[in-house]
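So the sequences go chain by chain: Z and Y. So for the first sequence, my numbering puts the first residue at 20; every next one is plus one. So for the second sequence, my numbering puts the first residue at 173; every next one is plus one.
Hint data in this document are derived by calculation from the structure and do not stem from the laboratory.
Coverage of chain Y stretches by chain Z, computed from C-beta distances (three or more under 8 Å per stretch; other residues unrestricted):
{"#": "1", "stretch": "293–299"}
{"#": "2", "stretch": "309–321"}
{"#": "3", "stretch": "351–361"}
{"#": "4", "stretch": "378–391"}
{"#": "5", "stretch": "425–435"}
Ideal Cβ placement from N, Cα and C applies to all residues, glycine included.
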Amino acid sequence: MSNRRLVVAAAQMGPIQKAEGRDVAVARMVALMEKAARRGAEIVVFPELALTTFFPRWYHEDLAEADIWFETALPSNETAPLWDAARRLNLGFHLGYAEKTPEGRHFNTAAYVHPNGEIVFKYRKVHLPGHVEYDPIRRVQHLEKRYFEPGDLGFPVVRTPVGAAGPVNLGMMICNDRRWPESWRVLGLQQVELVMLGYNTPSLNMENRGFEAHHLRVLHSHLSIQAGCYQNACFGVGVAKAGTEDGHELFGHSIIVNPQGEIMAQATSWEDEVIVAECDLGMCELGRNTIFNFARHRRPEHYTRITAQTGSEAPPAWTPTR
Amino acid sequence: MVAGAQMGPTQRADSRAATLARMIALLEQAAAAGARLVVFPELAFTTFFPRWPMALDSAELLACFESAMPNPAVQPLFDRARDLGVGFQVGYAELTPEGQRFNSAITVGPDGAILFKYRKVHLPGSDHVKPGQRYQQLEKMYFAYGDAGFPAVRGPAGWGAPVLGMLVCNDRRWPEAWRCLGLQGVELMMIGYNSAAYDPNGGEDESAALRTFHSRLAAQSNAYMNATFAVAVAKAGVEDGAGLIGGSVIVDPNGVILAEATTLGDEIIVAELDFDACRQGKEKMFNFAAHRRPEHYRRIVEQVGATPPA
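Pulled out of the complex, with its shape left as it was, chain Y reads as follows (with noise of 0.2 Å):
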């Protein structure tokens, strides 16, 4: 059984002890249900702080990123965590000993310990402030890129022992992200967003239903092409003015959704994972070694931009 724990908006100013208290919360509620696995957002314990322009060395701005993980101000949730015995996959911003700041993830086993980490390697947005723009989107200035791939982990046994993969947000609408997995046999895919309820290009060309049908097509789509589960868990609602979509779902290999969240707030969605659903897939249809054909696929891997046909 795993949980998606969406979360509802986060303020600015609220504190990271309120917001913890309610991951804790979100966490109880789904061991309740009978999960053995939660999946927590994207920079899950703050706002979704890049819509701010900040200096990147000012103390509001640092401390949105954690320097250890788990650190003191986090203890709680990871205590809690294993007190239940569930584990669980949360996003936050990542500040490395050595200053390197990424947009994390991390899954943590139930019994406490970090079983790998995943740092965001699309990046949407912006380097730099945009005059005129009520809302910002900063990530590729506050972060550095992923240097790490898309790795895949073998899960405990507790959990099914299902292959593990992570993507975060921006990532899930990228096939490239999905297929690197796939072909590491990933059986569950933990994402997490907050993806803009509003045309982010300051435009009126998207609106807030076209877009959480696109996070809900990137999610069953690319689950089906790869045979694998997904959770795809939204922080959701408005902060400081700012809409986020909601639209947590659980899929199944087949792309069909188990669970959808139906709010914008914090909510549960669970479903019990019938790993060997994957087999159809993996054997059959997206059986890879019997019918991709690398050799047509080079511009995948050698060519970054478009290029025109003549």
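Here chain Z stands alone, though its shape is the one from the complex (with noise of 0.2 Å):
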């Protein structure tokens, strides 16, 4: 045990119609930061999207419609209260949202921020899933390659003051990016100690293209989520916006991960719900001055690949000698 303790809040919404406005979301925002404060959380970690349905299951042929989905300025009118929440109940928060930069570039992003209410730093999601253009094939759209354009940001980790632990190693990536290990990598690579995600994910494969099964869907989630954490020594934090937006159902099963790859607290419903976990930062050391001590044991050599090629590429034919 160190005295490295930081108390951690996922703060899994359930579904935002698409009617609803962002004070309806703001105000449930704040009544979860309030419920996590009481528990003796120090950070609170919201959804991917947080403030709006889950908008890139929705076609605009008009690009510029779908600007009534994205935030031109943070804090605004409608979402100042979850900043004069965090001032009151001294908690950070990370924050999923949709972003139109000055330069009306449109990117898919999350902030943290610290108590006194300013940004600490931003995070633009690098792996877009989904497509461009109307698919009619999909049960559901998922147009988020039409919407917004690939982070441009790469993935910061920022030694930020959190709560009585100290300044903390912190990480965020978003939704699509947990089943991609290089993303973990690249924060391990800078010693994350606390990885906050959150996410949108349908509970069921809306593609209509070959099988998968339900109930893997919440497996691919916590197996990426678990392994990481294992893999990268790191406390994670995965956050769902869950249950159903306008017919279209969204898995829940937030989670909070130490770096063993323990899952510690788990969400049961698919609706506004706190889970709670007092992550001892000191278990970040086993794995990172052992197994995973990346100084003595990675061989980037070998990893040429991985940064040299986009897609696979097929391996030569092995033919009988005899």
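From the two separate chains plus the hints, produce the assembled complex.
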């Protein structure tokens, strides 16, 4: 047990309907922050695109129409109550939102906000799933590649004072990024101690191309987060927006995971729900100094394919010798 | 149909002939169950000798290495496999004609020919004897780092022509290793291991149950993230007082365990693999060409150790 202890809350959110305004979401989020604070939390993690419905399921032919889903400034009049609550409750918070920059660029973004209201750093989603054009085969559209451009900030880690633990190495990723071990490793190579990530993940495979058993969806999410934490000796908070949004189901199962890959806390509803875990950041040191001591054990000379190629390439064929 | 041939412990004093007889018995059992390919553990012909300090030129250490593959001591396994029309993957300590030593694995086709070889890249442990430890982990002292990357080959038609890859033990905890094979379209990963059932750092932080969980998690998650089948096979049980985990598994491209060993002894697990099951992942979620962003992965190849943020 070390004395670097951080009480982390995952603020899972139930569905936000297409017709509901940001005021509805923000009021629910403030209630979640109050509950998290009562349970001793020093940092609260909200889901991806937490202020609205998961709008990439809706097709706008005219991209300008989709701007209603984007934030042009943080905080704004509508989101200011989150900043007020953070100051009042002395809580840091992680917020996923759709970002439109002053230059008119669009990103799927997360921000980490210090209890004093300053935005400490941002992350812009690198691994955008889905497609650009309307897909008539899919059961539900997934237009992230239409509405966002891939993130341009890499995977930053910032050493940030949080709660009683002192400075904590914070990193972020968003939704589909969690399935990519490259995301975790780039954070691990910066000694990340807490990875915050939000997701909106359909409980069914909506591609309508091939079979994927429904129960595997949660397994995949948990495997990705548990393995990412274990293989990088860090804590992870994976937070869902869950439930049925305008008829389309998202799974919950938000988790807080320790550096051994073990689940410390898990949400059991598909609604607004707070789960809390006390993270002993000293636990990161065992893996970091032994089995995952990168300086001693990594062999980058054999990893060149990871950056030298994007897609997969078939190997040579073997033929019988006799 | 593939088999994992988990092996129980091999004691330091056990004869090579006795160990080979156990392996042939496992091969026959797997063939009788319908397997066309049998996966044996890492360093399958001997005890896990890196736990013992030995002089680098000692006869006992040199006897743990194979200077040719096959050689007379292992030939009966090759012969029996060819008679049965079964291929196999096996881990062994390799001594090259130039005197280099590697922790290697080979895959042998149903015709008895070696398809390909892999030399372990991620050597754990220490390059010197640590005083006061009951068991050493001297892989960095006894072996050179693998020098041939992570090769993949397409296997024989009789196996369904899967793209094959191999890792050895600790490699399975490194997503870089899996990804280098995933980028060659791997469909079947073969992995042998000898993993301690106790905290290898001398502390009390990790139990056998936790270490078995890590082994399972590494195989399941990386199989899923690369849309490949995986066969991960233990040498298990207590070798001269030192415990090894079991938990050999066959995992599908969804990360689901298809078969799992239930003992710490010699045990066959089998599963029938449909390699078309790799396509869902490879063509959708993990369509690398559509979704990977290597411009943001540069740290993975440009730095070795972790560097803290400012």
